[in-house]
Amino acid sequence: MFTLNFLIRRLTQGVVIIGLVSLLIFTLLRVVPGDPVRLMAGGMAPEALIEKIAKDMGLRDPIIVQFGRYMGSVLQGDLGQSFVRPANGAATGGANFNDTTRGERAKVLTLILEALPMTLQLAAVTLAIALLFSAVVGIAGGLNPSGWPDKLAFYISSVFISLPNFWLGIVLTLLLSVKLGWLPAIGYHGFAYTILPAVVLAVEMSPVLIRTLVGAVSSQMTEPYVSVGRVRGLGRTRIIANHVMRNASVPLLNLLGIQFSSLLGGVIIVEYIFDYPGLGLLTINAVLQRDFPLIQGIAIVTSAIFVVINIIVDLVATTIDPRLDY
Amino acid sequence: MAALLELRNMTVALGRSETAKVILDDVSFSLAPKEIVGVVGASASGKTVLSRAAVNWLEPPLTRRSGTVLFEGRDIYAMKEADMRALRQRVSYVGANPMGALDPTLPVGAQIVEKMRAVMPDVSRRQAEDRVIALLDAVRIPSARNRFHDYPSQFSGGMMQRALIVDALVTNPAVLVADNVTQPLDVTVAAQVIRLIKELTDQFDTAVLFISSSLPMVREASSRTLVIDRGRIVEEQATEALVASPIHPYTRELVAQTPQIWRGAGAVPALPAEREVVLSLRDASQTYRVKKRNGIGGVNLVRAVRNVTFDVRRGDSFAIVGESGCGKSTLMRLLSRLELPSAGQILCEGKDIATLRGRDLLAFRARLQLVLQDPFGSLPPRTSIGRMLEEPLRTHGWRDKEKLRARVLKVMLEVGLAAELYNELPLGLSAGQRQRVNVARALVLEPTILIMDETLSALDQAEQFKLLDLFQALQKEYNLTYIFISHDLAMVRKVCNRVAVMYLGEVFELADNQRLFFDPGHPYTMALLSAMPTLEEKRYKPEDCLLEGEPPSPLSIPAGCSFKSRCPRAMEICNGEQPFLTVRDEQDFAACHLVARTMSPAERASP
Ligand SMILES: Nc1ncnc2c1ncn2[C@@H]1O[C@H](COP(=O)(O)OP(=O)(O)O)[C@@H](O)[C@H]1O
Ligand code: SF4
Ligand SMILES: [Mg+2]
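Order-wise, the sequence lines are chains A and B. FYI, in this note's numbering the residues of the first sequence are 41 to 366. FYI, in this note's numbering the residues of the second sequence are 422 to 1028.
No wet-lab data here; the hints were simulated from the structure. Cβ coordinates follow ideal geometry from the N, Cα and C atoms, glycine included. Be a bit skeptical, because a hint or two may be false.
Unchecked claim - Residues from chain A that face chain B, not an exhaustive set, calculated with beta carbons under 7 Å:
| # | residue |
| --- | --- |
| 1 | Phe173 |
| 2 | Val271 |
| 3 | Arg272 |
Unchecked claim - Computed spacing ranges between beta-carbons, pair by pair:
| # | chain 1 | residue 1 | chain 2 | residue 2 | range |
| --- | --- | --- | --- | --- | --- |
| 4 | A | Val218 | B | Arg538 | 56 to 62 Å |
| 5 | B | Ser574 | A | Leu51 | 54 to 60 Å |
| 6 | A | Met111 | B | Arg803 | 27 to 33 Å |
| 7 | B | Arg808 | A | Leu364 | 37 to 43 Å |
| 8 | B | Leu976 | A | Asn294 | 29 to 35 Å |
| 9 | A | Asn294 | B | Ser574 | 47 to 53 Å |
| 10 | A | Val176 | B | Arg538 | 40 to 46 Å |
| 11 | A | Leu364 | B | Asp558 | 29 to 35 Å |
Said to hold, decoys possible - Negatives, chain B to chain A, calculated, CB over 10 Å:
| # | residue |
| --- | --- |
| 12 | Val476 |
| 13 | Glu493 |
| 14 | Arg509 |
| 15 | Asp588 |
| 16 | Ala686 |
| 17 | Gly687 |
| 18 | Pro847 |
| 19 | Leu976 |
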């Protein structure tokens, strides 16, 4: 009952959030300088033709009308078509305005569905590496406050936090890929290509995870139930594994929910550096090409993912700690 | 009989160095099987350290310097860690702070099962669950089978304490060390818990080390009593003998300072009836709306204070007593205008305080001051004491530095704080001194009414005595009116002339001191009196009046008499008809159908 009620409430909120994000992006895209039709049609196209294409595409209607029309088709599962990309592959945007017909343009949904699994795979590997590493370092640090593991955790996170991701990406590529030839780096031709970008992203994520874990574990260790557990006859390992970790995982989960958005920022840069064909790369190209429908579609999909992830995080957190009430 | 548990020359210090402060000094005693031994001492005398030392649970910086503990002749400090853990099946401990003792994220029942199976690996999960449920039932947790699955935060303090007693007894231990277990509980629940410990330990042949800061409480529980003072055992006697003829000067002081309830003349002089009314409640009610957790939206109404009507006259020491959750603190917030009542009125010197604005409101705030419960939490740590006491004066427009200082020093003198403390930070102060700072802070504005919300409950007997004397002197000097909000009936008997007994937001009885303690009109008052630990024979026998369980939730107040679910004398009529405060004498009222019901509604009108 509680869960159902929770889901209904949160999904409703989520739909509102996605709607607002879409409206915001939609409006912004239409007030920024640069006419996409000019880009599509090429610099040589006559002004009258551009006006005609724009009119045909409905780009001269009031924004709210355009938005309504757009959301109407989104609800039917149609995110529209890319302005620039042909259905068969590489981006266009050339000078020949008359050899591109609207029918050949790629569907936004298809483009996103091609890129999304790649990014999800990258995110999953990143999360696995970051969690594993942070758990080892962070828990050890939290169990020995002001001992050497705590100091080590502090130094590691301090160093990691000061490494810019683009720099680290380039250095690791030069070292592990170019010089040592251990891991492939540029493009994507198999799972191994995910590892280097994931490591870079994991390094970016770890410091906050480590610090949160150190803090959560060490503060849980001072809770009375830990000390009382000893006199009740529970062993130290049992207290830590069954109770301290359980309680400490709640702040960690909440952090993951929040970290998701900054991870997304990292993904864009890292995918660009490694030429990794995921959502990040798609986003950058879409922005550079002023591909409004694509940018718009990516915004909707990412905010939907954001909403879903936060719902899952809160749901898991409430199952762990029933006192929480979202 | 051979000793079951024996402490030998136990000395514990605060750290390892030679010069470290000694907390327990050469303590030796023994506990025979099935025996209940009491330990009594003031706060910070070392009781908790003693109980921790007895179960091998000292944690840094506490360090055992010498001595040891033998359990059935085996030295528990010489054991391997694993052996000690196995021994926890036979040596159990319950402490004073039930709320933090279990993991908040797991159900209570599951954690007790976990503990049982950790020290008794041979017990199956099913067996353990059955035993835990049976014991939860035995400690009278209502619908134990469901409660088993509830989380710690869903238990009240009293229920949690009972669950922890189950946790301690579930392995059928030979010794139970109970450190101040009744301290966080209301008298009614404390009495139930003591009775329970006695019953269960009798049933399971468990010996108990019962540690408490209250001599009457120890007397209720134990047959033999040790007195601890500053880390040393200063006296040991059979409990009755100790109370009747204490030998050591400290014990004598302890006995002498325990307030007497029925013996001797009351300490509170009767006041003339016709004095000016300073505070008057007219059907004051407060209802809170709280969001339902599980419904789709929707609110629950919590009726925290219900139709309270009484007058407080100038010079009164007015007590408001009742179990926790009965609405005492809500009433305090209403009286001090921290909240406005949802219905009814509160008049201060004839004016409705809800309508006060601007200057009048400021004057009211100066006239009525609060002294809060927790002296530690309510003082800002980085401000000097003088500055702290000037603060309220500045808020009320005082600017002249000389005058401020003079006024503050005068008040410090009055409450017994040395003038040198003016520039000190409150860090080094004792609990009693901090409480004096709190009182001084209320007094600087020359109020006429002081509300004390559990002001003294954190202090031990001796400090309480001194502060109560101080209050009485101040009252004489300035014709102050006090409102004591308290659950300590012994204190009320000693200082308050008038008492209101509350239950579930209602006033059940309103009477003068003498009448309330000698001839209460309401069964609930009798129950409170019977539950009160004393050193004398009780006027009201627990067998006749003691309550079971705890008050129902203010979310669903029963129809008819709201006390009927616990009342030993409930009758047919109590189900359907709500009793109203009814005059017993000119001054005394009770809300119970047992009180003569022959009066006309007009006579039942406002007390
Ligand atoms: N862990 C500790 N750290 C520092 N001081 C402590 C600690 N435990 C106890 N003490 C000190 O030891 C003295 C006795 O404490 P305690 O046994 O808790 O007293 P009681 O239980 O009688 O109130 C007090 O002065 C207290 O401040
Ligand atoms: S009215 Fe009835 S139930 Fe209520 S206190 Fe009196 S006798 Fe008990
Ligand atoms: Mg103590």
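A quick look at each hint next to the structure:
Among the interface hints, the one on A/Phe173 is violated; its C-beta lies about 25 Å from the nearest C-beta in chain B, farther than the 7 Å criterion. The closest approach between the C-beta of A/Val271 and any C-beta of chain B is roughly 4 Å, which is under the 7 Å cut-off, so the hint is satisfied. Checking A/Arg272 against chain B by beta carbon gives a least distance of about 5 Å; that is within 7 Å, so the hint holds. Taking the beta carbon of each, A/Val218 and B/Arg538 are about 57 Å apart, inside 56 to 62 Å as hinted.
Take B/Ser574 and A/Leu51: their Cβ atoms lie about 27 Å apart, and the range 54 to 60 Å is violated. At roughly 56 Å, the beta-carbon separation of A/Met111 and B/Arg803 lies outside the given 27 to 33 Å, and the hint is violated. Between B/Arg808 and A/Leu364 the beta carbon distance is about 40 Å. The supplied range of 37 to 43 Å therefore holds. The hinted window of 29 to 35 Å between B/Leu976 and A/Asn294 holds, with their beta carbons roughly 30 Å apart.
For the pair A/Asn294 and B/Ser574, the beta carbons lie near 19 Å from each other, so the given range of 47 to 53 Å is not met. Judged by the Cβ atoms, the range 40 to 46 Å given for A/Val176 and B/Arg538 is violated: they are separated by roughly 29 Å. For the pair A/Leu364 and B/Asp558, the supplied restraint of 29 to 35 Å holds, since their beta-carbon distance comes to about 30 Å. Not every CB of chain A is more than 10 Å from the CB of B/Val476 (nearest about 6 Å), against its label as outside the interface.
Under the 10 Å C-beta cut-off, the non-interface status given to B/Glu493 relative to chain A holds; the minimum distance is some 17 Å. The claim that B/Arg509 lies off the interface is violated: its Cβ sits roughly 3 Å from the closest Cβ of chain A, which falls inside the 10 Å cut-off. In this structure B/Asp588 is not separated from chain A by more than 10 Å, as the shortest Cβ-Cβ distance comes to only about 7 Å. Separation of B/Ala686 from chain A is adequate, the least Cβ-Cβ distance of about 45 Å exceeding the 10 Å criterion.
Every Cβ of chain A is farther than 10 Å from the Cβ of B/Gly687; the closest lies at roughly 42 Å, confirming the non-interface assignment. For B/Pro847, the condition that its CB be more than 10 Å from all CB atoms of chain A holds, with the nearest at approximately 24 Å. Against the 10 Å criterion, B/Leu976 stays outside the reach of chain A, whose nearest CB is about 17 Å from its own CB.
Figure legend: structure checked against the earlier numbered hints; hints not met, in rising order: 1, 5, 6, 9, 10, 12, 14 and 15.
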